[in-house]
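J.: If you're matching them up, the sequences are chains L and C in order. Under my numbering, the first residue of the first sequence carries the number -19, and numbering increases by one thereafter. Under my numbering, the first residue of the second sequence carries the number 14, and numbering increases by one thereafter.
It is possible that part of the hints are untrue.
[Claimed, not checked] Some chain L residues near chain C, calculated using beta-carbon distances under 7 Å:
#, residue
1, Q21
2, L85
3, R172
4, A203
[Claimed, not checked] Chain L is faced by these chain C residues, among others (derived, beta-carbon under 10 Å):
#, residue
5, V77
6, D83
7, V117
8, F141
Rather than coming from a laboratory, the hints here were simulated on the basis of the structure. Here a beta-carbon is modelled for each residue, glycine too, at the ideal position from N, C-alpha and C.
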Amino acid sequence: MSAAITAGPPDRHPWIARFLDDPQRGYAELVAGYADIHPYQRADAPDAARLLFGPLAADDPARAALDSAVLAWLEAWRKAAVPADAGPRQRWVRQLSETLEIVYLLELGQTAVALRRRRLVWEDFCARHVLAPSRDARAMLWRAMALTQGLAHARDAGIPAQGLQPLWHTLCREAGAALEHRYLAIGLLGLRRLPGAVNELPWLAGLAHWAQARSPSTAQFRAEWLALKPLYPRNPGTWRDLVAQLLDTPLFRGADMAPPTWWGDADADLKPRLRAPGQREPVRLRSPGPRACEAVLEQMSRPFAEVRAAISDLLQRERSFLTSVADPQFFVRTVHRLGAALLERGGDEPMARAALAEALAREALVWEPNNGFLWSVWLKALTVQRRLVAAELVGWEAVRRRPDQADRYNQLALLLARLPQRRREAEALLRETIDRFPKDAPARNQLAELLIAEDRAEDAMAVIDAAFAAEVVGEVSFGIHARLLAHAGQHAAAVQVVAEGLQRYPQDPYLAPFAQRLARGNALPWVADELRTPLDEHEDTTASDPDLDRAMALGRLRRLRFRLDHAEVLGAGAMAELAQAVADDPWSSYARLLAVRAGIPTAVGDGMPGFAVAFEAALLAEDQAALAALALRMPRLRALTLVAQSLFGDAAAAAEMTKWLSADPPSAAAPAERSLHGGLRAIRGSAQTAGALVRDRRAAVLRVVHDATEATIGDALLAA
Amino acid sequence: MRFADPRLQTVLLDWRSRSDVVERAKADNVWFEERLDDRRRECFEAGAAVGASLEHLIRDHVGVHVETLDVPETFSLAHGPAIYAALDEDQVIVRLELIQRALVADSTTFEDVHAAFERGEHAVLDKFLDTWNGKRDARPAFAAFGRELGDDLAAADWPQRLRDRLGLAHYGAGSEPVALMCYTVREVMAAARAAGAASAFAVPTVLDAPSNPQFFPGPVGLPCGRAMPLQDGYDEAHLVAEVLHARIAYRRNHLVKLARMGAPPVRGDLKALRNHHLLVLRIASDRYDFGEEIT
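Bound-form chain C, shown alone:
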């Protein structure tokens, strides 16, 4: 992405020149971004205060225009380079969720909810989901398609596998309780329509979430974004389509599995991870001019 405002462009170039790999990665994400609609970029530039760091400006923009609106900016457009207007509505969407905050808010333990899940105690689960839904705002949700994750979903260590493959570096480890939520494209579209959103699914861009070096924008040659796993050494077949979708209120039938996260990830060096991911993206999209390695 290139800014129209030369001052912002200068700030971006300065950011990219930083030797710190984390900073460079976050700046690269802006630089590599190809799908952001011009209207959204213009909105960002119009609200960007002079003198602030680009990372803070993105944080502020996301905080105001994406995370806190009833209809996030992400889904305010019916068409655009990042919008998925047509998807088979029977496809299953999966999302790995941290649930510790909802458990504490409900003064319920993981064991309580897990036992209720096993025994089919619907009232307990419904109340837990009520509390959880009450805490969730309308920000876009990162998710993947179930069919791409079949083996991982079936594995005993599914939380770790999903975390690692979807690049959820911020999900922690050990006793961290997680839930696997599954629902259909149709349900998401219905929820988005009811909320007044112009669209329900989008490719993640740099203005949809705070800057994150684990995020990697997808080239326009690919039909969607591709999550960057926590370990390198994978090939194109391992890439998972990464989408954002509009808020859906969780219901009991969406809760498919509960577990504790378990072993921590063996994370690779960020520079190596990103360079490898870039290589795989280039191969997958046949776009060898896309992006730039960190040297």
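If we strip away everything but chain L, and leave its shape as in the complex, we get:
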């Protein structure tokens, strides 16, 4: 390179030409600090990239080449081995963070779209590389997404403009709890840069959610509020109205907060003042409410075009409230009711109705990703559309997310039972569900129905007898029992069971007709309607999408775990399938976790594996020291290590676990802790202490621990 430097920074540095010869190599050298970019050698990669590429025209080929090179570099980095030593690992994370910074500094649209499209993959990856505030790949990823959300939407209309709003609110709420306080700035940044926002309500709502969750002092709130207020020169009255609108909504009203709460304490401009004569009160922000939903539900039998228009109108109003206040309870409830009605009330165009139900469920899941009802709507909608592979895997992913909800297993088992070649799996799943939830009557009923459909009446009777012996029965149990007795020719006994059932459930719509049939000497129905006609799968012509792909990928691995757990019934092919899964995607935390559990060595080196993988290894090795270290590393999941230590005979841990199990989980508990708590309570039975539980039901406890470990996969709030 020539040493003669012309006046000022050149508009097109000579290095750009060399970069264009091999952009991927050029970028790798730039971010590593090896590039020959005199006089910018001393600059960090983001500043160097800014100074080199910033002056170039927007359509300069070098910018597009940089975009592609950065994306390729990120993909390669994600799959690269992480250095084990602290120093090189710090540098490794620095390069990752700086690359993410370059994405927003230079507004690299292709990379911004790719990050959004596979957001969960990138979050999972970056959450493993949080070392310090200045070496925090996860924070940098979120900052990049906050600053490029408009760009990503503009480049790809399939990316919802406000699709990240729930994430930003989560960051605001969890700042100072699950996340360090510094993440509040990123949450608010995302809301400030939300595309399409018509006023400041989104970020005011973010601030209010944070304040409600964290109860800051006046000084703390003032510091956050006054840091942003001057950036938006509005009349004091405008701020007062916006804050009044926000705090007048049910979420804050319900918490007994009268406007202007924190704002009034922190800012004299926000204290209530007299309104001028004739000055209008701010418009009240309200969800359309259950009556509006009822009105739409009453129209469900109309032609689908009309139904769709009515739903669209209602949801538009729901969304307006939702995006202003970020209180999803009304939206989620409406979607659940509409989705269920679209799927269950019949009408024309059932496929289109199901497709709409699916879209609604997925939209609501963005706000409440672990809502079991919404997962249920999604699974059913896919089933109606005969996209059965997707339906099954979504069902498994729902099981992974909510292992503490028996309904998730039952619903999936029903789908499998409707596929004749999958009934062995359905039976195994239902038997496991009964073991997990001894007090759940539907699982026992469903198993009996499956066995009846398989013409195994004696086995079905054994299931029902056991249910009655354990007093885990409902109205359906009486009906099944009566059918089994009648089928066996025990007419009088069947009559008596129906009578007992009616005595206990006089309103049941099935038992009364059963009584009439028996009185007339007619047979009772035998195989349940839904198991009589097997499902036939249609060719799935729907274009795949990253979110569904991600759910299916996780669901496939959850199914694999099930097959591994039941290898004695379902065959030993699962190990080969797992080995293949690890070979196909050696960077998948979930596949690696299962491989560690199964004793399959994984190929990828990793300086610090994600919590789930490290925990599983410690669990397998019964390594108490490693568990203690993990408890320190991930204090939010201390309950998980506590249970593991109890399993290994630690009496002090067991005593602490007893207390933890007796209380409700804290409101801020991670989903993994909630699933652990719920799963253990379901199997606790008569065990008075944790010590007794881990002694008497060791295998079941271990299974619940495995559930909780798997529930950490994809939880971006849990940095490694």
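Once you've looked at the hints, dock chain C against the given chain L.
T.: Then chain C, alone, in the frame of chain L:
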């Protein structure tokens, strides 16, 4: 500096033999280096992979041992040829900072921060500094002493003057936003103690930053390093002491001025610059055997 490992010494000699002035300058910096502690050199040599270029080896060493540690190698020693153990704690340190990345990260404009600075809107400035501090790691910071820059600091075109005089060739020009940060030696020492560093101030060496032809090691006869300005023709009085110091979290009172950089520098030919700087260093240190001109 001379390596104990003959292979590295050969690589250095090869590097110095390059006709490219930029490469020669970077190699000369290693050759001229007189202050690097033997322990640091040994650490570097122990981690140096055979076959890599010396520039890459330095980049890797700095990346791992200086830029990314909570306590950089630079400040891991309490004593040594590059360590300043004693400084008047009331002295004011100045540092010119590029702030564009912090502005973008905070989704704030220069005008926003500048207006907040002018109007004394503390919350805005504090939040901006929070974001900025969060992005800054613990790498050693190049800085100078305020009293040596009095006229430049007072001038209307202070950003350009500081850039040119401190040799900040990588700072760009035009609308590039910059901040002048001022703080005391005492504050830096306190921050270094809190971080567990053995020292707080050091003379820059070739292992404290990536190779840079605009850097010039100072001879041991001078009490500190001397920044190489972007233009030649200056004399000893124009030389500014250049120090490295441990990380300090910026606070509102450290932010003294904000501006855009303005006119680009009129940079001289690198060979002429370095030869002139060498001459001035020799005169200042009375060490005419120090270094070697590029011919």
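J.: Hint by hint, note whether the structure agrees.
T.: Structure-based check of all given hints:
no.	hint	verdict
1	Q21	holds (5 Å)
2	L85	holds (6 Å)
3	R172	holds (6 Å)
4	A203	holds (6 Å)
5	V77	holds (4 Å)
6	D83	holds (8 Å)
7	V117	holds (6 Å)
8	F141	holds (8 Å)
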